[in-house]
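> Here is how the chains run, residue by residue.
Protein chains: 4
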Amino acid sequence: MGVLWYTEWLSPLEAHVHGIKEVIFDGWTKYQRVTIAKTGSFGKVLFLDGYAQSSEYDEFIYHESLVHPAMITHPTPRKVLIVGGGEGATLREVLKHDTVEHVVMVDIDQELVELAKKYLPEWHKGAFDDPRVELLFMDGKEYIEKTREKFDVVILDLTDPIKDTPGVLLYTREFYEAVKKILNKEGVMVTQATSTRYYINAFTIIGNTLREVFPYVRLYKVFVPAFYSEWGFAIGTISRDPLSIPQEEVKRRLKAMDLKYLDPEAYAFLFHIPRYMLEKMKKYTQVSTLENPLELAPWNHQT
Amino acid sequence: MGVLWYTEWLSPLEAHVHGIKEVIFDGWTKYQRVTIAKTGSFGKVLFLDGYAQSSEYDEFIYHESLVHPAMITHPTPRKVLIVGGGEGATLREVLKHDTVEHVVMVDIDQELVELAKKYLPEWHKGAFDDPRVELLFMDGKEYIEKTREKFDVVILDLTDPIKDTPGVLLYTREFYEAVKKILNKEGVMVTQATSTRYYINAFTIIGNTLREVFPYVRLYKVFVPAFYSEWGFAIGTISRDPLSIPQEEVKRRLKAMDLKYLDPEAYAFLFHIPRYMLEKMKKYTQVSTLENPLELAPWNHQT
Amino acid sequence: MGVLWYTEWLSPLEAHVHGIKEVIFDGWTKYQRVTIAKTGSFGKVLFLDGYAQSSEYDEFIYHESLVHPAMITHPTPRKVLIVGGGEGATLREVLKHDTVEHVVMVDIDQELVELAKKYLPEWHKGAFDDPRVELLFMDGKEYIEKTREKFDVVILDLTDPIKDTPGVLLYTREFYEAVKKILNKEGVMVTQATSTRYYINAFTIIGNTLREVFPYVRLYKVFVPAFYSEWGFAIGTISRDPLSIPQEEVKRRLKAMDLKYLDPEAYAFLFHIPRYMLEKMKKYTQVSTLENPLELAPWNHQT
Amino acid sequence: MGVLWYTEWLSPLEAHVHGIKEVIFDGWTKYQRVTIAKTGSFGKVLFLDGYAQSSEYDEFIYHESLVHPAMITHPTPRKVLIVGGGEGATLREVLKHDTVEHVVMVDIDQELVELAKKYLPEWHKGAFDDPRVELLFMDGKEYIEKTREKFDVVILDLTDPIKDTPGVLLYTREFYEAVKKILNKEGVMVTQATSTRYYINAFTIIGNTLREVFPYVRLYKVFVPAFYSEWGFAIGTISRDPLSIPQEEVKRRLKAMDLKYLDPEAYAFLFHIPRYMLEKMKKYTQVSTLENPLELAPWNHQT
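Protein sequences appear in the order of chains A, B, C and D. Counting from 1, position 91 in the first sequence corresponds to residue 91 in full-length UniProt numbering; the numbering is continuous, with no gaps. Counting from 1, position 106 in the second sequence corresponds to residue 106 in full-length UniProt numbering; the numbering is continuous, with no gaps. Counting from 1, position 253 in the third sequence corresponds to residue 253 in full-length UniProt numbering; the numbering is continuous, with no gaps. Counting from 1, position 192 in the fourth sequence corresponds to residue 192 in full-length UniProt numbering; the numbering is continuous, with no gaps.
Identical copies look the same in the list; a pair holds intra-copy or inter-copy alike.
Each computed DSS-like pair below joins lysine-lysine, with the alpha-carbon atoms no more than 27 Å apart: (1) 96 <-> 180; (2) 96 <-> 260; (3) 163 <-> 283; (4) 260 <-> 280; (5) 185 <-> 96; (6) 44 <-> 30; (7) 163 <-> 21.
Note that these hints are calculated values from the structure, not bench results.
Make a model of the complete structure from these sequences and hints.
Structure follows, in structure tokens:
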């Protein structure tokens, strides 16, 4: 029986607990509590403010699913912006596309990125040293609003829109409009869109909100063991529906990279939303705006 | 913060905990500890000896996935045997096939079935009263070894092969040979095959074992939220590969029933085993036999 | 490793968890959630709204310590009022004093008392059937304000003054003044006074409040294993300081009863408050009044 | 709701959990897992292999109670041996006696002592730097068997005799005989004697074993909040019964030191064992020997 446990409060009446074999780092950056630990079941795990962000065991399922649908939807992604993604694994996946010439990664938390560089080499695998990468430590929203650069793909690898945190702003219509302004004409954006089980409301509302801004929007999901649930994503594009990409192109482009999870069958199934879920989603018609934003309950933000 | 919690020990260093709003029943039958409770996240849940067997919220994902691939693999299932499945939900799904004329359900634990009849109407939905059903309370292994009846489909809805429990015997080559003997010439059997995450060894070994006995064997899996992981199944057939069934037939037969989860896309994806999982599975070459059976560690069987 | 656990939240960052061998009763009365269960370490335990009220293993330490100092402080207690104490164990201890002629027990929760009668015979030991007992189901505060009877001893065996619960009123100066009015001229009252560790503030403030009303007030405490801490009590008397009772009288009167915990040495040590505790107590000068009542944080009152 | 929790398994069906505000150190020395963390309720805590050894909040209760009865029982303690006690707090208390000329402290775990020096200044308060102190890193048993020095007082501040750990040997008759050999003619030894609640058997058996070796033996206990129970100690002396010391001498010698817990009343009550505990103790007649040692179940020694 383990002695030190990390508890993820999925709601006030549900939790998942990880026995910790050893704490590698535990402390507070300017923005959040960071815990890096060896868990009993998922190897090394990065926890931020009470939740696993990714695990050595299965981070590739999350990161491959976040990155590649957006990248493949763009015919030739050359310039990519990543907001968040401090572990460096989103960056690692982006760099696998050989069309990529320049990646800007903006993370507000420099201390977190330093910790990742030091303690999470299995994640970034040296990606931060790639000459195509420009790493900025600042508020992603501010960057997007001020930059004069244009991007083919924008990837939002963010924490959830928890009530009373600045993250709430990064899921609003106004923010997505700002993102659209810095996209090239075949531009694509993707955002993580929370758990489809614990926050089916958020998953739905993020889709609703994107549809106010982009002509093509697709919600998708993948099961990530370390999240105990299917995880949602939402993609918005200007000129090509992700579901209209020829099968042959998907296969060819996936094959060019050495992926652990996303093969063509898994790729196709990402976009399958089962009937029982669709029925639940019908209830949520909200659009997230600055005035009436999507906000999630802060189950475990006390410590 | 909840006060009463049900803890599922997924390993000595990982657990999932359910806040319990109210205990509906907690006690011991001759065979096991039965707890029926209203949980915070999954509605009413049936727990046996420390693990959720099925939840009001998503039992249909498990039961549809257990029952229909086997039923559809048989061209015209008329006679069906269910071993286990005390909740009555497996029975409910079997009865949705209008070719079915006779179902024998054998469960060793009469007290459990009585509790299910009383407290779990959302599961069985009156299935026990269907005139096609014959309900027997006895050891399933003994029934299979002694019966003179033949079946089109045999469904093994069992608890896991935990060390030092009689369930171990129901996952051996010898047992599957006994099952094969009571199958008709187009016969199909299916068994639950444990969690693909926590017990990838068991999942693999059950497949290995079936392949010693049946000409066609397919492993498949589905994500069940209340199990926090994808759940495995193994199907063994005498004359038709489940993957050879024409798409049209799958669609037609699924459409005839009112299912909540299994649509044709979900059905196809059941059989997708991702590359990273296949790599893990290569390590396990054991066949489970009476002499050298598959046995899982009893994390939480003390109470 | 246990599967069903009762969690007592001692603070948002501390808890004690009891493995539950079997739930005997779990449900809601009109006033509270009642759970009666066999625990791993304390035998049968009665939990109310998230906290152990008393355990088969050591309820006698609490009940003997609550009842006898007050009873012994009165020279000849004949008429006794108990408010709360649904288990019947406080009643049982009062009846051990052979001077007692009439006991009125007032508990607001009739369903709880019925459950205690049925499931907690080890506590009440038939006390409810004693002909000296008058059992009333009503609000204790209302009873005290309206009754025309007078009592020698009033025992307040209450739940803690949790914010937003009616219990808050039963720890105010105004309430203690009402109690004083129904006491005879040698009258004594005692109240449970919360944990001296978790609520040293409450323990102190209850003492402060009593001192506004009674000429003699003594705080005391005893270690109760099932509470993981020393438990506090406060006694207020009209004409005799509990510490002025001759040793001989204490010995004689204790000896006349068959007690499991309170021998003369343990009795004397009840009133010992160590230096480090006294230093903490200096900080709390509040008096609890209707206008500015003592209120404790409701750690676990959601369910 | 906390996210990182330290769980002390008091039995397979009881635990106490501490919300951890920050992990200061977590790692393995050659001998044990050491976790130093800021807890929600007890300030900084040192945990070894799953159990709180002492807390900033109340370590003085434990250390004062361990050290001073033995020291006071000796008329003029000049030479003192401490085995264990890596935090340095036992040493700190010993040095408060101004008769002390030389203290040998032997701890097997040098890394632990280094961690204590660095992270636990509130415990040792510089005691390691006192010129009277000789600090040795070696096996305490070996030291006692080989040394030619003699001591007035020997203090055994050890971890519990957990099955399959070397600590088991330090609670046997043979070991106590070795201790006796290095005592001067008025010599006194004291050992921690486990929890009186969780291990009343161990508490009793340690007393039984000492009585085989020493003419005067007294068991005593004190409530330590961070241990959720009364903690036991056992004292063995060659020439003076601890209970025969004149009250005046106890008062005078206690007063000479600046103690937070042990005043004369608290001191007297240490030796009070209540009737219900005495009754439980009658069951345990074992003497711990090399052949048949006292061994406690290792609830949580897996990690």
